[in-house]
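Each protein sequence line maps, in turn, to chains A and B. Position 199 of the first sequence, counted from 1, bears residue number 199 in the working numbering, the numbering being contiguous throughout. Position 176 of the second sequence, counted from 1, bears residue number 176 in the working numbering, the numbering being contiguous throughout.
Just so you know, not all the hints are guaranteed correct.
[What the hints assert, rightly or not] Pair by pair, the computed Cβ-Cβ distance ranges are: (1) T252(B) <-> P239(A): 31 to 39 Å; (2) P213(A) <-> A275(B): 54 to 62 Å; (3) G118(B) <-> P5(A): 48 to 56 Å; (4) G20(A) <-> A257(B): 49 to 57 Å.
[What the hints assert, rightly or not] Simulated crosslink set (SDA-like; lysine to any residue; CA at most 20 Å straight-line): (5) K220(B) <-> L9(B); (6) K69(B) <-> T73(A); (7) K118(A) <-> T48(B); (8) K292(B) <-> T73(A); (9) K118(A) <-> T100(B).
[Stated by the list, open to error] Examples of chain B residues toward chain A, derived with CB under 7 Å: (10) L27; (11) N105; (12) G129.
Please keep in mind that the hints were generated in silico from the structure rather than gathered at the bench. Heads up, the beta-carbon is just placed ideally off N, CA and C, and yes, glycines get one too.
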Amino acid sequence: MDYTPRELMVVCAARQIHDGENVFVGMRLPLIAFALAKRTHAPNCIGIFEAGIVRDVPAAELLYTMGDAPNITGALWATNTMNVMGMLAAGDVHLGFIGGAEVDRYGNLNTSMIGDWKHPSVRLPGSGGAADIASLSQRLAIIMQHDRHRLRERVDFVTSPGYGYPNEQGPAGTTWRKRVGLPRGGPAALITTLGVFTFDPENGEALLQSYHPGTTIEKVQEQTGWKLRLAADCVETVPPSAQELKVIREYDPNGVWTG
Amino acid sequence: MSKLTSMALAVAQYVPDGSSVAIGLALEHLIPFAAGHEIIRQQRRNLTLIGPISDILFDQLIGAGCVEKVKAAWVGNVSEGLAHCYRRAIEQSIPRDLVTEEHSNFTIGLALLAASLGAPYIPTRTLLGSDIPRQNPTFRQQESPLDGTPLLLVPAVNPDITIIHVQRSDEDGNAHLWGNAGITEQAMLAARDVILVAEEIVSRDVILSDPNRVLGPSFKVRAVVHEPWGAHPSAVSGYYNRDHLFYHEYHTRTRTAEGFQNWLDEWVLNVPDRASYVAKLGEERVRSLDVKEHRYAAPVDYGY
Numbered sequence: 001m002d003y004t005p006r007e008l009m010v011v012c013a014a015r016q017i018h019d020g021e022n023v024f025v026g027m028r029l030p031l032i033a034f035a036l037a038k039r040t041h042a043p044n045c046i047g048i049f050e051a052g053i054v055r056d057v058p059a060a061e062l063l064y065t066m067g068d069a070p071n072i073t074g075a076l077w078a079t080n081t082m083n084v085m086g087m088l089a090a091g092d093v094h095l096g097f098i099g100g101a102e103v104d105r106y107g108n109l110n111t112s113m114i115g116d117w118k119h120p121s122v123r124l125p126g127s128g129g130a131a132d133i134a135s136l137s138q139r140l141a142i143i144m145q146h147d148r149h150r151l152r153e154r155v156d157f158v159t160s161p162g163y164g165y166p167n168e169q170g171p172a173g174t175t176w177r178k179r180v181g182l183p184r185g186g187p188a189a190l191i192t193t194l195g196v197f198t199f200d201p202e203n204g205e206a207l208l209q210s211y212h213p214g215t216t217i218e219k220v221q222e223q224t225g226w227k228l229r230l231a232a233d234c235v236e237t238v239p240p241s242a243q244e245l246k247v248i249r250e251y252d253p254n255g256v257w258t259g
Numbered sequence: 001m002s003k004l005t006s007m008a009l010a011v012a013q014y015v016p017d018g019s020s021v022a023i024g025l026a027l028e029h030l031i032p033f034a035a036g037h038e039i040i041r042q043q044r045r046n047l048t049l050i051g052p053i054s055d056i057l058f059d060q061l062i063g064a065g066c067v068e069k070v071k072a073a074w075v076g077n078v079s080e081g082l083a084h085c086y087r088r089a090i091e092q093s094i095p096r097d098l099v100t101e102e103h104s105n106f107t108i109g110l111a112l113l114a115a116s117l118g119a120p121y122i123p124t125r126t127l128l129g130s131d132i133p134r135q136n137p138t139f140r141q142q143e144s145p146l147d148g149t150p151l152l153l154v155p156a157v158n159p160d161i162t163i164i165h166v167q168r169s170d171e172d173g174n175a176h177l178w179g180n181a182g183i184t185e186q187a188m189l190a191a192r193d194v195i196l197v198a199e200e201i202v203s204r205d206v207i208l209s210d211p212n213r214v215l216g217p218s219f220k221v222r223a224v225v226h227e228p229w230g231a232h233p234s235a236v237s238g239y240y241n242r243d244h245l246f247y248h249e250y251h252t253r254t255r256t257a258e259g260f261q262n263w264l265d266e267w268v269l270n271v272p273d274r275a276s277y278v279a280k281l282g283e284e285r286v287r288s289l290d291v292k293e294h295r296y297a298a299p300v301d302y303g304y
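Isolated chain A (complex conformation) (with noise of 0.2 Å):
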């Protein structure tokens, strides 16, 4: 069967949400998840988006920013960022995606700089939202491209924190989001162009949970800078299934995102 690498992670995307479960969607691929989800195995779940819209049906348009004038006209509620980011911060939010430049076999991401911090080499755009979707949603996602100097053992600056890094008090996991004062989360998945990680929440660490068709354990070690860990049951990705690609491509049928 035929798909993109970008369909394959719109799919794994789409398999994170679960029914009823309150989602913050973000744009580009994970917004396309939302809608495959919603059409799939996820019919009650609900999109919530940082610029202050709630939807229970994705926007009748391929949408380029989630301002669209489309995400608009038929939301739930069209409010303002405190009022989501608030319910976010109280917990309400299952499930939050998030990209990333530059993610580290902990789950932290950078978004905002490459280098050192005073001259940074490459300016990043930024947080955004996405360091409180990290910080404060129940369940983190993140989606991102897959190559070496993405995937690090450390990153230059973290922006959206997973979990954390070993240190004096202790592991990096949960008890890292704990010391330093997170009130919960933590990433549970990393999707990238050649696989999908879960996370170990004990002392954080990635593991590599399936491999996509065409790819190989070690072509995605060779793709990633650190040394993997398998997660016991490491399998091959399940593909897209033909309805799977079918909602996709009539969302999004140019191949905007997903081409």
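Using the hints, position chain B against chain A.
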């Protein structure tokens, strides 16, 4: 009292050099591009920009040399990616040095909310464990006096001027904004002065017929500017759609400093006002962004 004025006069009077300016507060739509372009034409300098996700308006103001400091969650091109002028300013000090105080969307909103409440700061648990509070010297971390848990204290940010684009306003600055508001309401209440830019000027009766839809108190508003298409290329729900191609063209043309200058000359410096800008866009492009199908809300009854 009518506060109706031109964009040139509003900017000349209320956006002096060195001001802190909150703009682009509804995130990706209702971005006051017309106001930003007038700020560039009047060659304002040493501004502090305040905003959440500001899209390419911040990039343009930075590239034009108007900005000394940015207090924002994100500076880029939302549908295209990185912002070239922002990168050049930070990486190479072109056209000048730029200081940033990093925020997230939540913390910049909390900072404005604190100001709007007259509170010195608001405590939160977001960004604990992030490097953002280490980069931004205004944040403090402290144990909660209630239970000893770690807290991030986000200090109030009071903009000198908040510039807001709305669908419609009366001449006094009583305005209706619909769709998502981002952190517009907080920034309006936090500001010393407010410039309102409206697609349409309507009567006081129209605005007061639906007081629940009013953005905020008109006594905060110093100037009202009637500027149709003033938010282009961003969207205005009920008026026009987002011009995605414009963002793509901007992204492509501004990869070099020369390319940016060329773009700026064409779309800002050699365009005297918004009416000329709309004429330059051309009828065909304007028509392609028009609302295809109107969807009016059901009226509500404020009778008694």
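Hint check: is the beta carbon of G129(B) less than 7 Å from a beta carbon of chain A? Because about 4 Å separates G129(B) from the closest Cβ in chain A, which is inside the 7 Å limit, the hint holds.
Go through the hint on N105(B) and say holds or violated, using the shortest Cβ distance to chain A against 7 Å. holds, 4 Å
Under 7 Å is the threshold here; is the Cβ of L27(B) close enough to any Cβ of chain A for the hint to stand? Since the shortest Cβ distance to chain A is 4 Å, the answer is holds.
Is the Cα-Cα distance between K220(B) and L9(B) 20 Å or less? With Cα atoms ~18 Å apart, K220(B) and L9(B) stay inside 20 Å; holds.
What's the verdict on K118(A) and T48(B), does the C-alpha distance respect the 20 Å limit or exceed it? The given pair, whose Cα atoms are some 19 Å apart, holds under the 20 Å limit.
Hint check: K292(B) vs T73(A), CA-CA at most 20 Å. Holds or violated? holds, 13 Å
Holds or violated: 54 to 62 Å for the Cβ distance of P213(A) and A275(B)? For P213(A) and A275(B) the Cβ distance comes to about 56 Å; the hint holds.
Take the C-alpha atoms of K118(A) and T100(B), compute the straight-line distance between them, and say whether it is at most 20 Å. With a Cα-Cα distance of about 10 Å, the restraint between K118(A) and T100(B) holds, given a limit of 20 Å.
Go ahead and decide if the range 48 to 56 Å is satisfied by the Cβ distance of G118(B) to P5(A). holds, 51 Å
That 49 to 57 Å hint for G20(A) and A257(B) (C-beta), does it hold up? Holds - the Cβ-Cβ distance for G20(A) and A257(B), about 51 Å, lies within 49 to 57 Å.
Could you see if the CB distance from T252(B) to P239(A) stays within 31 to 39 Å? At roughly 35 Å between Cβ atoms, P239(A) and T252(B) fall inside 31 to 39 Å, so the hint holds.
Would the pair K69(B) and T73(A) pass a check requiring their Cα atoms to be no farther apart than 20 Å? Not OK: K69(B) and T73(A) at ~36 Å, beyond 20 Å, violated.
Figure legend: structure checked against the earlier numbered hints; the only hint not met is number 6.
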